[in-house]
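*Asks:* Dock chain Z against chain U, hints included.
Each chain is listed here by its residues.
There are 2 protein chains.
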Amino acid sequence: MIRFTSPAAFAAALAALPAADEPGREAALERQSRLTKPAGALGRLEDIAVFMAGWQGCERPRADAVQAVVFAGNHGVAAQGVSAYPPEVTVQMVANFEAGGAAINALTRACGAQLSVVALDLDRPTGDITRVPAMSVEECLDALNRGAAALRDGTQLLLVGEMGIGNTTPAAALCAQALGGAARDWIGRGTGLDDAGLARKAAAVEAALALHRAGCTDAFETLRRLGGREIAAMAGAILAARLARVPVLLDGFIACAAIAPLVRANPALTQHCLAAHCSAEAGHARLLSTFGLEPLLTLGLRLGEGTGAALAVPIVRAALAAHDEMATFAEAAVAGGH
Amino acid sequence: MIRFTSPAAFAAALAALPAADEPGREAALERQSRLTKPAGALGRLEDIAVFMAGWQGCERPRADAVQAVVFAGNHGVAAQGVSAYPPEVTVQMVANFEAGGAAINALTRACGAQLSVVALDLDRPTGDITRVPAMSVEECLDALNRGAAALRDGTQLLLVGEMGIGNTTPAAALCAQALGGAARDWIGRGTGLDDAGLARKAAAVEAALALHRAGCTDAFETLRRLGGREIAAMAGAILAARLARVPVLLDGFIACAAIAPLVRANPALTQHCLAAHCSAEAGHARLLSTFGLEPLLTLGLRLGEGTGAALAVPIVRAALAAHDEMATFAEAAVAGGH
Chain U
1 MIRFTSPAAF AAALAALPAA DEPGREAALE RQSRLTKPAG ALGRLEDIAV FMAGWQGCER
61 PRADAVQAVV FAGNHGVAAQ GVSAYPPEVT VQMVANFEAG GAAINALTRA CGAQLSVVAL
121 DLDRPTGDIT RVPAMSVEEC LDALNRGAAA LRDGTQLLLV GEMGIGNTTP AAALCAQALG
181 GAARDWIGRG TGLDDAGLAR KAAAVEAALA LHRAGCTDAF ETLRRLGGRE IAAMAGAILA
241 ARLARVPVLL DGFIACAAIA PLVRANPALT QHCLAAHCSA EAGHARLLST FGLEPLLTLG
301 LRLGEGTGAA LAVPIVRAAL AAHDEMATFA EAAVAGGH
Chain Z
1 MIRFTSPAAF AAALAALPAA DEPGREAALE RQSRLTKPAG ALGRLEDIAV FMAGWQGCER
61 PRADAVQAVV FAGNHGVAAQ GVSAYPPEVT VQMVANFEAG GAAINALTRA CGAQLSVVAL
121 DLDRPTGDIT RVPAMSVEEC LDALNRGAAA LRDGTQLLLV GEMGIGNTTP AAALCAQALG
181 GAARDWIGRG TGLDDAGLAR KAAAVEAALA LHRAGCTDAF ETLRRLGGRE IAAMAGAILA
241 ARLARVPVLL DGFIACAAIA PLVRANPALT QHCLAAHCSA EAGHARLLST FGLEPLLTLG
301 LRLGEGTGAA LAVPIVRAAL AAHDEMATFA EAAVAGGH
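As you go down the protein sequences, you meet chains U and Z in turn. Be aware that the first sequence starts at 1, since it is given in our numbering, and climbs by one per residue. Be aware that the second sequence starts at 1, since it is given in our numbering, and climbs by one per residue.
Here chain U stands alone, though its shape is the one from the complex:
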């Protein structure tokens, strides 16, 4: 199991990311050229098959074992009136996940992904980032490691989601700190904030940036000061997946914001990630563009929980099915192969 024993160990892991396997990629590319279709006619499905081949290091990759993890956390900054919902909804929704009644339960059942839920100290909200760091060093390391520990042996494709009332505010602060831009470039209405709430959110992000900017000296410190437990856990899970060469379907704004400080430190981090869905939350399109990722889906979701990522699982499976199961021109005796 991957474990970050210190901020320095986390930074060292982030600095030495493994790359995709070139022979696997090339074998998959060569296979694509022999399948019974005009070259390139399956569009992004072909790219997905080659991407998966690179991370699995084989010509015909699989996505049978798909793991989904929802991390939940509570946020001191919720006291600033930055969400349309009260903080107790976080624990209520965790109960809903555990009972199988949330959107992510239905969507992971529909796509055959194994779902687990990791609730991170919901009775101890993080510090209010407008006044103090979100977490201590120990708390942030613990959250990163609980994320990394969630990755199961044998997982072939990982998706992570989140639940945390108020968490678009730390997410916006992470983006602004890691990637530049003003608070208002990164904030949106989250679950349905009104204009006054949006103004409070902008003020909260600005206050947090003013307080912590000088202290955000690296990815770990940025996550620790401006993030949250479920946010750090997602970052830990996505980094652990990379170290284990497990590709990741990125979900929405908050899941992507979680890795913004890591991408700032090492832009190669996005290489094992597919952007599943571009959320309706303002800022997500900008974030994906900064990452150099083109979303597979744009269906107007703005829910989190991993729902956007779950929707893209069948796209990946379809890409691999075509890659694996199609006949070659020679096998099918079809004219026109190269």
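These aren't lab readings, by the way, just hints derived from the structure by calculation. Virtual Cβ for every residue (Gly too), placed ideally from N, Cα, C. Treat the hints loosely; a few may be bogus.
[Said to hold, decoys possible] Some chain U residues near chain Z, calculated using beta-carbon distances under 7 Å:
| id | residue |
| --- | --- |
| 1 | 38 |
| 2 | 41 |
| 3 | 43 |
| 4 | 85 |
| 5 | 86 |
| 6 | 106 |
| 7 | 188 |
| 8 | 192 |
| 9 | 301 |
| 10 | 314 |
| 11 | 317 |
| 12 | 318 |
| 13 | 321 |
| 14 | 326 |
| 15 | 334 |
*Replies:* This is chain Z only, laid out in the frame that chain U set:
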């Protein structure tokens, strides 16, 4: 079984299309407002659930029985050098479909749709539309009826695809005739045509339009003169689905072009259709925009066969799973419902 006994019967069916069921739609809308998510947070998934509820006339619609049909036909206009592949590839690809080795086989297996293949007189290509009408009245009625006959009892969602070397040329002619614009607004490179081929294709479409424009007095005559057997069969299947209140996932440029003359005659025809995927074939985005349909996916496919539609089946299923399986705010004791 739905059968069009004459061109007049076809026109009468097209003029009297059934509408979606309002009580079903409203029950689904009301249910959406009670599910444990912020209002609208599932974006287009919510619209899909309400759309399906309207056509199935019930609060909780299903898409368990998904039927895919690939129609294949040969085209006299292929002799004009309008395709990168020789005409014998049509029959070779039908054999590939029947052996299970084509992309649509892999994609329908991946999404659990039942696939059938209808080869329409492949040894008798249609007339070359640059010189004569594609079909006689009897041939066109037969193709429409073979399409209509393909719809099985119990199908809850239909998708139709096609195979026919050269068929982007009649498809472009149908669009230009039914919807206006020049030949070059509707032609593209199909399976990979070079510049000289593209020029021949533009010339073929222009010649066909000049010859047949005056005779294209209604949807039937337009299909008969400028279409093809697999194209008319798709139109017949999609119209038959409407008469049976079965919703349709529209595939790519050719499947959409098949109904362009029908939509010109009665724009309400698109009401039971979801646009699954916007193809990389030039003209498809324009066609969907003319239809007032927003595609669910844009993944760069340009293969036909129904592949774009098959990719959207899991999106529809996911929408219905969330709609059917999610807990309400009251059931889950989550704060914030309305």
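*Asks:* List, from low to high, the hint numbers that the structure doesn't satisfy.
*Replies:* Of the numbered hints given earlier, the structure breaks just one, which is hint 7.
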